[in-house]
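Colleague: Following the hints, put chain C in place on chain F, whose structure we already have.
So the protein sequences, as listed, match chains F and C. Heads up: the first sequence begins at 1 in our numbering, then just goes up one per residue. Heads up: the second sequence begins at 1 in our numbering, then just goes up one per residue.
Just so you know, the hints here were simulated from the structure itself, not pulled from any lab data. Everything numeric in this text was worked out from a predicted model, so none of it was measured. Hints should not be assumed to be uniformly reliable.
Straight-line C-alpha distance at most 27 Å; calculated DSSO-like pairs for lysine-lysine [as the list claims (entries may be wrong)]:
#1 F/75 with C/7
#2 C/398 with F/111
#3 C/324 with F/111
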Amino acid sequence: MIKIEKLHKSYPIGKDSLHVLKGIDLHIKEGEFVSIMGSSGSGKSTLLNIVGLLDVHDEGDYYLNGQLIKDMNEKKAALLRNKFLGFIFQSFNLISYKTALENVALPLYYKGMARKERLQVALDYLEKVGLKDWANHLPNELSGGQKQRVAIARALVTKPKVVLADEPTGALDSTTTDSVMDLLKDINNEGMTVFVITHEEEVAEQTKRIVRLKDGLIISDEYTKASKAI
Amino acid sequence: MRFLFEKDTWQEIYGSIRKNKTRTAITIFGAFWGILLLVGLLGAAKGIENSFNSMFGDFATNSVFMSGSRTSMPFKGFQEGRQINLRLSDVDKIRSEIDGVQFVVPRNATGGLVTHGLKTGNFTVFGDFPLLDAVQKKKLIEGRFINQNDINDNKKVCVISEGVYNELYDKKEESIDTYIKITGINYKVIGVYESSQFEGKNNIHIPFSTFKLVYNRGDKFAWMVVTGKAEYDIVQLESDVKLLLKNLHKIHPKDNRAFRGFNLGEQIKQVTGFLTGMQFLTWFVGIATLIAGVFAIGNILLITVKERTKEIGIRRALGATPVKVRQQIILESLFLTLLAGSLGIIAGGFVLMLLDNFVEFLVNPTVNITIVLIAYTVLVILGTLIGFIPAYMATIVKPIDALREE
Numbered sequence: 001m002i003k004i005e006k007l008h009k010s011y012p013i014g015k016d017s018l019h020v021l022k023g024i025d026l027h028i029k030e031g032e033f034v035s036i037m038g039s040s041g042s043g044k045s046t047l048l049n050i051v052g053l054l055d056v057h058d059e060g061d062y063y064l065n066g067q068l069i070k071d072m073n074e075k076k077a078a079l080l081r082n083k084f085l086g087f088i089f090q091s092f093n094l095i096s097y098k099t100a101l102e103n104v105a106l107p108l109y110y111k112g113m114a115r116k117e118r119l120q121v122a123l124d125y126l127e128k129v130g131l132k133d134w135a136n137h138l139p140n141e142l143s144g145g146q147k148q149r150v151a152i153a154r155a156l157v158t159k160p161k162v163v164l165a166d167e168p169t170g171a172l173d174s175t176t177t178d179s180v181m182d183l184l185k186d187i188n189n190e191g192m193t194v195f196v197i198t199h200e201e202e203v204a205e206q207t208k209r210i211v212r213l214k215d216g217l218i219i220s221d222e223y224t225k226a227s228k229a230i
Numbered sequence: 001m002r003f004l005f006e007k008d009t010w011q012e013i014y015g016s017i018r019k020n021k022t023r024t025a026i027t028i029f030g031a032f033w034g035i036l037l038l039v040g041l042l043g044a045a046k047g048i049e050n051s052f053n054s055m056f057g058d059f060a061t062n063s064v065f066m067s068g069s070r071t072s073m074p075f076k077g078f079q080e081g082r083q084i085n086l087r088l089s090d091v092d093k094i095r096s097e098i099d100g101v102q103f104v105v106p107r108n109a110t111g112g113l114v115t116h117g118l119k120t121g122n123f124t125v126f127g128d129f130p131l132l133d134a135v136q137k138k139k140l141i142e143g144r145f146i147n148q149n150d151i152n153d154n155k156k157v158c159v160i161s162e163g164v165y166n167e168l169y170d171k172k173e174e175s176i177d178t179y180i181k182i183t184g185i186n187y188k189v190i191g192v193y194e195s196s197q198f199e200g201k202n203n204i205h206i207p208f209s210t211f212k213l214v215y216n217r218g219d220k221f222a223w224m225v226v227t228g229k230a231e232y233d234i235v236q237l238e239s240d241v242k243l244l245l246k247n248l249h250k251i252h253p254k255d256n257r258a259f260r261g262f263n264l265g266e267q268i269k270q271v272t273g274f275l276t277g278m279q280f281l282t283w284f285v286g287i288a289t290l291i292a293g294v295f296a297i298g299n300i301l302l303i304t305v306k307e308r309t310k311e312i313g314i315r316r317a318l319g320a321t322p323v324k325v326r327q328q329i330i331l332e333s334l335f336l337t338l339l340a341g342s343l344g345i346i347a348g349g350f351v352l353m354l355l356d357n358f359v360e361f362l363v364n365p366t367v368n369i370t371i372v373l374i375a376y377t378v379l380v381i382l383g384t385l386i387g388f389i390p391a392y393m394a395t396i397v398k399p400i401d402a403l404r405e406e
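Extracted from the complex, chain F is given alone in its bound form (with noise of 0.2 Å):
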């Protein structure tokens, strides 16, 4: 599903340039469960929002689902995300003035769906996230937990490829944390590829594959317990 050789990304700062990754080697299959750990400055962060097509890598091959990404532009990044990738972000990044349900349906607009039945799958979304009376209530009526759960249902409406999460639990208190990672599993299950990053262990340990990085290499790459169990 993604498969990265040799990927290398730098930000100029000023005149010097700031090696972010130094060649990362990943490979993640079709239905996988994979954290992404890491302390800050690590290149974590860079590393999804490469594979989120949010940003452009300088040298290394990036295949998603059989498809190079190479020499991307706007349009055809913001159609691709559009068709495989859903996002869940640490400050959810919900619309402030959009309803739950009309956050939730804001993909499939831009996929051309008609409106009618774009609020309508998207309710069956906050449905399955445990929202559907919230559907009407605009994200500050709502708890973190919930925005979390409402930015889920906005990642899976349209049924995308690869949900990449962005420490989607570092708002989160413990309780809340647990029912997010909760969704994230039973999605996992529905054989979806879940790619998550995350600083906190015992969110990585309820994922089926942690990746560490440092200093823009992988230092380890293994298969959890909870990977084992099933």
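Modeller: Coordinates of chain C only, in the frame set by chain F:
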């Protein structure tokens, strides 16, 4: 261009505008104010123009009034201080010898006690030719104006103004073919006309020839109205006529007191000049405000785009292509200008309605609908064009940078 007609596109824009009411209100205020000012000012200017027109309404505006007076210089053996009387022969001379004269209408007037049955009143009695109707249009309510037969036969007929009718007759009383007595002589009423502001309300017109006989005026008359053809300068015409008259009456060519004159054409030209100036000012102020309003829309959209960087980043992460993002911002701009323009025109119409009702000296303040539509179109086009700037700014940042924005 298909997206323009898709309900979804507009629903998305409507949603984003409706849910940011303050932003919307602030954004459209400038353009709203601009078009309101343009409509209001143009309407007010038109109202003033109309009020002047109604004042001079039925008058040939290219005209001069002239009467004889006393000479102030001795000439050809005559002493100064000689009374000059205009004569009918002068009229023929003016008609035949001066280019550019359209009509020359000699007139006489006197005051008189007028009675009808038990009612009486003091009115001004004019001796007139049918030609008067050509330079001071009489709006007849009923009957007719004096004609050439009345003149030829010295008929004792009269045309009265509405004011005279109201004083001498009961309401709805038949007046045509009845008789009124002017200083002891009976005249048959042949017409009633609407009084005009300029000429006074209480006037009675009898045939010039009848006047001449009754009041024993001979060939003399009190004053005349000279109108020029449209392409001739009325000031030049006035001096031409005066020079001819000075010649005929043996008056010193530099004697400026022998004739009195009121050049209506010149007065009106000054008023028209003032009106034109005012209209120019109106246009200038209105258009400048309109442009400022459009820039205000662009400016505020630019600020909101900065404010909405994160939202735009989210939209792009969810699959909005740059084209879609730009489309939305340009359409928002278009929609806002449409809204501002429509509200401005409606409010402008309302303001004009208030002006019409409460400001006395404005007569029927209106704006040409074509002008309003042109201003509206220009506003909408400019509004759309100005939307391109924030639209470009919205997609110039990478989505990842937009998402990081707090």
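Colleague: Checking each numbered hint in turn, tell me which of them this model violates, lowest number first.
Modeller: Violated: none.
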